[in-house]
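Asks: Please put together the full structure from these sequences, using the hints given.
When we follow UniProt numbering, the leftmost residue of the sequence shown carries the number 1, and every step to the right adds one.
Bear in mind the hints are in silico, worked out from the structure with no lab data behind them.
You may find that some hints are simply not true.
[Said to hold, decoys possible] Here are the computed lysine-lysine pairs in the PhoX-like style, where the Cα-Cα straight-line distance is at most 20 Å:
#	residue 1	residue 2
1	531	410
2	521	531
3	604	531
4	140	225
5	410	534
6	521	534
7	141	22
8	22	152
9	521	553
[What the hints assert, rightly or not] The following label-pair restraints were derived from C-beta to C-beta distances:
#	residue 1	residue 2	range
10	496	69	37 to 43 Å
11	593	535	24 to 30 Å
12	466	87	26 to 32 Å
13	261	593	31 to 37 Å
14	412	19	55 to 61 Å
15	135	81	47 to 53 Å
16	593	456	26 to 32 Å
17	81	457	52 to 58 Å
18	87	410	53 to 59 Å
19	136	580	44 to 50 Å
Backbone N, C-alpha and C fix where the C-beta goes; we use that ideal spot for every residue, glycine too.
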Amino acid sequence: MPRLKENQQLKNRVTAGDGRYKLVYAINGEIPGPNIVVFEDQIVSITVHNALKIEGITIHWHGLVQRGTPWMDGPDMISQCPILPGQTFEYRFVASPAGTHWYHGHVHTLRSDGLAGAFIVLPRIRPPITTPSEQIPEVKKEFSVVIFDWMKTTAHEKFQARRGGFAVLEDYDGQCLPATVNYDGSGFLFQVHIGLINGKGQRYINDDPTLPERDYLPLETFSVKQNQYYRFRTINAGFESAFEISVDDHMLTIVAFDGNNVVPYQADIVVIQPGERVDFIIFTNRPADNYRINYLTTAIGDFSGRTFTNRRGTYAILNYQGVDENASPIVKKRVCTPIVPCLAIMGVLIIFLMIFVATHAETKTGNCKDLLEGYLAGRLSSEVGGNHVETLRREFKTSQEKAIRELKEKLETDIHTLKATRNTSVVYTRWGKKECPNGSEPIHSGYVGGSHFSHSGGAVEPLCLPRNPEWGIYKDGTKGGKAYIYGAEYETSDLTGYMRKLHDHDVPCAVCLRRNKSAVKMFPARKTCYKGWKLEYRGYLMAGYYTNSAGSKFTCIDANPDTLHGGHASTDGYLFYLVEAQCGSLKCPPYVNGRVLVCVVCSKE
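Replies: This is the structure we're talking about:
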């Protein structure tokens with residue numbers, strides 16, 4: 001059971017921040033609070049003592065599902081009463097799911113003034129990360145990054161000013177600042193001055209990064225070795241601002257959004273909104289030096305008509321080993337051209353566009369196009385010289401009109417098909433995983449159970465047992481005269497690499513509902529679905545050992561299987577072995593003697 005080295009203490013302290021005086025909220029004297037790193041399915045116990053003078057507080061564990069413990073979620077006056085000054089409260093819950101999460105204050109605006117930190121849940125077995133061009137080796141190190149948008153006054157003071165009708169009065173000095181405007185025409189009421197990276201940042205004269213107000217203030221520095229892979233778990237704990245993240249002269253490989261793994265892809269820039277998280281990997285294959293990591297807000301001006309000469313935000317340093325970390329960093333943005341364009345990724349925007357086109361396909365695609373064009377054209381304007389912007393705009397407009405037209409046609413076809421089949425659904429079990437694939441609805445997640453491999457009269461089929469069993473009439477104790485059910489284990493000791501690590505681990509499962517489908521089928525010796533069928537998951541064909549007494553069933557275990565907490569011991573039960581082809585009555589070729597068989601589970605409308 002992991003515990004912090006000392007209890008979380010919420011009290012008044014002094015920290016550097018951006019070098020200006022401001023009331024903030026620290027945990028154990030730190031802004032952000034200490035990183036909490038645990039393994040999936042561990043029971044976490046965190047004791048919070050409120051040492052503030054007048055404010056009540058709660059802590060919300062952002063991204064954790066709190067299955068079975070909703071009263072530990074943290075929203076004040078919903079799942080709990082605030083922890084009053086001088087009081088202590090223990091949060092106790094299961095760390096699930098794996099991924100990059102965070103914790104923050106959930107009373108008023110405390111999180112915006114420092115009361116936040118990273119909460120990382122590590123998977124017990126990490127499946128390999130594979131891009132279309134390579135398999136990424138194990139990362140050398142992981143960094144946790146917490147971003148704050150930082151204003152001169154506290155968020156609470158801003159809130160009170162807004163309630164009193166003085167929303168844009170800055171510093172109470174008579175200077176009123178208009179709301180900022182973004183690429184797409186939207187705006188933010190409050191002007192953000194800088195950002196803090198893990199509590200560190202600087203203010204710049206006219207927002208020019210070459211002119212810091214106080215150049216002796218430290219910037220966050222990430223030290224790396226050459227030709228290694230590093231993972232950055234990045235959290236936007238800001239009050240209102242989205243941040244564009246890029247690393248000069250390095251590409252980002254995006255591997256997760258909001259704690260969920262995604263198909264890896266490369267981008268120059270990734271944008272995250274407040275509350276969002278992104279995991280990206282960089283490969284340090286550039287000449288040894290210091291490189292600037294950019295965290296810039298999306299504001300390009302304000303509603304008075306003023307255009308910002310320099311983007312607001314902050315920076316960190318990527319420091320290669322052997323280079324003085326205090327040396328000025330290289331500023332080397334990639335040149336964007338129509339032939340080799342820059343790619344900016346914003347997960348929320350992509351999802352929004354898909355929904356927008358699907359629901360407004362008849363009349364409003366123009367608004368969707370204007371939104372996307374405005375955002376990306378603005379992004380390109382900040383990356384390349386003005387001479388190229390109009391050419392890039394025309395190139396982009398032509399390509400995106402074609403893409404949206406094709407998307408509209410496809411969506412209309414898909415919607416028609418869905419309407420024709422909307423009353424059908426199928427249920428299936430995903431063996432070896434705790435979660436259902438995207439597009440399927442989880443019914444329950446549980447444990448694989450079955451008869452003992454040595455029982456000659458045992459049942460053949462494995463079952464997906466729920467995590468919350470219910471009971472009828474019973475009398476505890478093994479009395480004989482009954483059938484028995486045991487847990488299941490992977491038997492992969494004769495393999496190498498990732499699959500070998502699974503040996504003797506217990507096997508999870510998930511029961512999934514797929515709507516608008518008429519059939520689900522497992523196809524052995526296939527990695528792809530037949531025409532007209534849609535992939536649910538890929539896996540390896542597994543069954544009981546050929547000399548075991550109990551019968552077994554051929555089962556498709558997911559190719560990137562999960563394991564259950566506390567289940568790494570050879571206690572046996574229902575056992576899963578890989579299945580090899582044996583030539584003879586089985587035709588070889590096409591089959592190969594002794595070669596392990598794969599499988600695929602597919603659905604059909």
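Asks: It remains to establish, for every hint, whether it holds in the given structure.
Replies: Hint check:
Of the pairs offered as hints, the one joining residue 531 and residue 410 holds, with about 18 Å between alpha carbons and a cut-off of 20 Å not exceeded. Distance hint between residue 521 and residue 531 is fulfilled; the C-alpha atoms sit about 13 Å from each other, no more than 20 Å. Proximity of residue 604 to residue 531 is assessed by CA-CA distance (about 10 Å); at most 20 Å being required, the pair is judged to hold. Distance check on the hinted pair: residue 140 and residue 225 sit about 9 Å apart at the alpha-carbon level, within 20 Å; holds.
Straight-line distance between C-alpha atoms of residue 410 and residue 534 comes to about 16 Å, which keeps the hinted pair within the 20 Å bound. In summary, the hint linking residue 521 to residue 534 is supported, as the alpha carbons are separated by about 10 Å, within the 20 Å threshold. Proximity of residue 141 to residue 22 is assessed by CA-CA distance (about 34 Å); at most 20 Å being required, the pair is judged violated. Restraint check: the Cα-Cα separation between residue 22 and residue 152 comes to about 7 Å, which is no more than 20 Å; the hinted pair holds.
This hinted pair checks out: residue 521 and residue 553 have alpha carbons roughly 15 Å apart, not beyond 20 Å. Judged by the Cβ atoms, the range 37 to 43 Å given for residue 496 and residue 69 holds: they are separated by roughly 39 Å. Restraint check, residue 593 to residue 535: a C-beta distance of roughly 28 Å satisfies the suggested window 24 to 30 Å. The given range of 26 to 32 Å is broken by residue 466 and residue 87, whose C-beta atoms sit roughly 37 Å from each other.
For residue 261 and residue 593, the hinted distance range of 31 to 37 Å is satisfied, since their beta carbons lie about 36 Å from each other. Checked against the hint of 55 to 61 Å, the C-beta distance between residue 412 and residue 19 comes to roughly 56 Å, which is consistent with it. Separated by about 50 Å at the C-beta atoms, residue 135 and residue 81 satisfy the suggested range of 47 to 53 Å. A beta carbon spacing of about 29 Å between residue 593 and residue 456 agrees with the range 26 to 32 Å that was offered as a hint.
A hinted range of 52 to 58 Å holds for the C-beta pair residue 81 and residue 457, which are about 56 Å apart. Judged by the Cβ atoms, the range 53 to 59 Å given for residue 87 and residue 410 holds: they are separated by roughly 56 Å. Between residue 136 and residue 580 the Cβ separation comes to about 29 Å, which falls outside the hinted range of 44 to 50 Å.
In the structure shown, a violation is registered for the earlier hints numbered 7, 12, 19, in ascending order.
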